[in-house]
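Asks: Line order of the protein sequences matches chains A and B. Last residue of the first sequence: number 231 in this note's numbering, and the count goes up by one each step with no gaps. Last residue of the second sequence: number 289 in this note's numbering, and the count goes up by one each step with no gaps.
No wet-lab data here; the hints were simulated from the structure. A portion of the hints provided could be inaccurate.
List time: in silico DMTMM-like cross-link candidates among lysine to aspartate or glutamate, alpha-carbon distance up to 20 angstroms [what the hints assert, rightly or not]: (1) Lys-92/A x Glu-176/B; (2) Lys-161/B x Glu-104/A; (3) Lys-183/A x Asp-31/A.
Source: prediction; values computed, not measured.
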Amino acid sequence: MPDSGHSLVVGGLNVAYGESKVLFDVDFTVDPHQIVACVGRNGVGKTTLLRSIAGFLKPLSGTVTVDGVNLLGQRPYDVARMGVKYVPQDKKVFSDLTVRENLELGSYATKDYNWDRVLEYFPKLKELMHRKAGFLSGGERQMLMIGRATLGSPKVMLIDEPTEGLAPSIVTHLKYVFSELSKHAALVIVEQNLPLVCSISNKVYAMRDGRIVAEIPGGASLKPADCEPYL
Amino acid sequence: MDTQLLIPGIIFGLSMASVYFLMSIGLSLCFGLMRIISLDQLLYYSIGAYLTYTVSVYTGSVWLGALAGVAAGGITALAVERLIFRRIYERELTFSMITSFGILIGGIGVIKAIWGVVPRPVRMPTPELISIVGTEVPVYRLMVVAIAALVYIGIWLFLNKTITGKAIRAGIEDVEHVEGLGINVSRLFTITFVIAGALSGLAGGLHAPLIMVDPNMGLEVLAFVFMVVIIGGLGSIKGTLVSSLIVGQVVSIGSLIYAPLALMAPFAIMLLILLVKPTGLYGSTLVKK
Numbered sequence: 001m002p003d004s005g006h007s008l009v010v011g012g013l014n015v016a017y018g019e020s021k022v023l024f025d026v027d028f029t030v031d032p033h034q035i036v037a038c039v040g041r042n043g044v045g046k047t048t049l050l051r052s053i054a055g056f057l058k059p060l061s062g063t064v065t066v067d068g069v070n071l072l073g074q075r076p077y078d079v080a081r082m083g084v085k086y087v088p089q090d091k092k093v094f095s096d097l098t099v100r101e102n103l104e105l106g107s108y109a110t111k112d113y114n115w116d117r118v119l120e121y122f123p124k125l126k127e128l129m130h131r132k133a134g135f136l137s138g139g140e141r142q143m144l145m146i147g148r149a150t151l152g153s154p155k156v157m158l159i160d161e162p163t164e165g166l167a168p169s170i171v172t173h174l175k176y177v178f179s180e181l182s183k184h185a186a187l188v189i190v191e192q193n194l195p196l197v198c199s200i201s202n203k204v205y206a207m208r209d210g211r212i213v214a215e216i217p218g219g220a221s222l223k224p225a226d227c228e229p230y231l
Numbered sequence: 001m002d003t004q005l006l007i008p009g010i011i012f013g014l015s016m017a018s019v020y021f022l023m024s025i026g027l028s029l030c031f032g033l034m035r036i037i038s039l040d041q042l043l044y045y046s047i048g049a050y051l052t053y054t055v056s057v058y059t060g061s062v063w064l065g066a067l068a069g070v071a072a073g074g075i076t077a078l079a080v081e082r083l084i085f086r087r088i089y090e091r092e093l094t095f096s097m098i099t100s101f102g103i104l105i106g107g108i109g110v111i112k113a114i115w116g117v118v119p120r121p122v123r124m125p126t127p128e129l130i131s132i133v134g135t136e137v138p139v140y141r142l143m144v145v146a147i148a149a150l151v152y153i154g155i156w157l158f159l160n161k162t163i164t165g166k167a168i169r170a171g172i173e174d175v176e177h178v179e180g181l182g183i184n185v186s187r188l189f190t191i192t193f194v195i196a197g198a199l200s201g202l203a204g205g206l207h208a209p210l211i212m213v214d215p216n217m218g219l220e221v222l223a224f225v226f227m228v229v230i231i232g233g234l235g236s237i238k239g240t241l242v243s244s245l246i247v248g249q250v251v252s253i254g255s256l257i258y259a260p261l262a263l264m265a266p267f268a269i270m271l272l273i274l275l276v277k278p279t280g281l282y283g284s285t286l287v288k289k
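Take these sequences, add in the hints, and give me the full structure.
Replies: In C-alpha cells:
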C-alpha cells in the first residue's frame with residue numbers, strides 16, 4: 001500500500017552494535033525519483049543507516065518502509081528482491097569472476113536479463129566483459145557495482161561513498177549516471193564530495209553522532225557551504 | 001627404490017589422496033562459503049561406508065552400496081544443515097567446530113547402536129590386477145582415482161559453468177555482497193552442505209573395500225583430512241586437490257622408506273608449509289565474514 005507518496009520512509013530508527021548504540025531515532029523520507037544525499041563526518045552512522053535499511057543490521061526499533069511495505073525483519077536478499085539495492089563503499093566486486101559473470105549474478109538474482117541500460121550507462125563495461133573483475137580499476141569496479149545493482153529495476157538504490165578515490169572524469173560520469181538512474185528509482189547517496197552533492201541532490205540530510213541534525217533543501221540554491229558545517 | 005615397491009606405493013598414495021580429496025572438498029567448501037568447520041563430514045564418510053557394507057551384503061553390489069552411501073551422506077547432511085547449522089552460521093568459527101564434533105561423536109554412537117562395534121569387511125568390487133611397468137596393481141584402486149578425478153572435473157564444471165556454482169564462488173569471496181544482490185544465500189548454503197555430505201558419503205563408500213569399516217573410521221582419518229584442508233588452504237578446491245595428492249603420496253612413499261614416517265611426515269610437511277605460507281598453499285586469510 002502506498003505510504004503518503006514516499007518511496008522510502010525511515011521512522012524512529014535505533015541501531016546498536018552490541019551495547020554500543022550508533023543510530024538514535026533517525027527519521028527521513030525519500031520521494032520517487034529523488035536523489036537524497038546523506039552527509040556527515042566519518043563514524044556518524046551513515047553507512048550503518050544504509051546497512052540497516054538494506055537488512056544487514058537488525059535495528060533495535062523503528063520502521064523502514066518502501067512503497068508502504070515494511071522491510072524490517074527481512075533478510076538482505078529479500079530486501080534486495082523487494083526493490084532496495086545497496087551498493088557498498090568497499091568497491092569489492094567478485095574478483096575471481098569476470099565482468100560478465102558478475103552481471104550474470106545480478107540477473108540471476110533479479111531475473112532481469114536485459115543489460116541494455118547497464119551498458120548504456122557504462123559502455124566501457126562492454127569491452128571489459130571477459131576480464132576478471134579483480135583486474136578492474138577502482139572506477140571500473142564502481143561502474144560494475146552500480147550497473148549490477150540497477151538490474152531488476154530497483155525502487156530505491158542506497159549508494160555508499162560512490163566517488164571516494166575516483167578520478168574526476170569518472171566522478172563527472174557518475175553524476176550523469178545518477179541523474180539518469182533517478183528517472184527510474186529513488187537514490188540515497190552517502191557522499192563527502194560536496195560539489196557533487198550540491199549539483200545532484202533534491203535534499204540533503206546531515207548527520208552527527210548518530211542523529212539527523214539537519215534537513216537541507218536541494219536544488220540550485222544549495223551550496224557546499226550549506227553542508228560544510230556538518231563535515 | 002625398487003619399482004616393484006614404488007609403483008604400487010604411488011598407486012596406493014593416489015587412491016588415499018582420492019579419498020582424502022573427496023572428504024576434504026566438503027570441509028573446504030563449507031569453510032569457504034559458510035565460514036564453518038564441519039567435522040560432521042567425517043560422520044557422513046562413516047555413514048557412506050556402512051551403507052556400502054549393508055547394501056553390498058544384501059544386493060551383492062558394492063557400486064550400488066556406494067551410491068546408497070552418497071544418497072545417505074547427502075540426506076543426513078541436509079537434515080543436519082536444516083536442523084542445526086542454520087542456527088549457528090552467524091556464530092564464531094569455534095562454535096561450529098565444537099557443534100560439528102558433537103554431531104560426529106553422537107553419530108558414531110548411533111552407528112554403534114545400529115551396526116555394532118565389530119569392524120565389517122566389504123569385498124572388493126573387482127579383484128582384478130593390472131600390470132604397470134611389470135608391477136601388478138589392483139584395478140579397484142585405479143578406479144577410485146578415476147572417480148575422484150571425475151568428481152574434481154564435475155565440481156569444477158559446476159562451480160565455473162553453472163549460475164549456482166558461480167554464486168557459490170562469489171559467496172566464497174564475499175557472501176554479504178551475494179546476499180545484497182538478492183540471491184538467497186540460505187539456499188546456497190544448503191546446496192553446498194548437501195554436496196559436501198554426498199561427497200563425504202562417496203569417500204566412505206569408495207574407501208570401504210580398502211579398509212575394515214568400523215564406527216571410529218571417521219576419527220581415524222580426521223588428522224589427515226584436517227591436514228589436507230589446512231595445507232591446501234581453507235576454501236580452495238584446487239588447494240584441496242594439490243594437498244590431498246601431497247598427503248597421499250607422503251603417507252604412502254613415507255611408509256615405504258621408513259614405516260613410522262607414514263604418520264609423522266605429513267605433519268612435518270604441514271608445519272613446513274604453514275611456516276612459509278600460514279594460509280596454506282591456496283588459501284585466503286582465516287576470517288569470519
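Asks: Please flag the earlier hints that this structure goes against, numbers listed from lowest up.
Replies: Failing hints: none at all.
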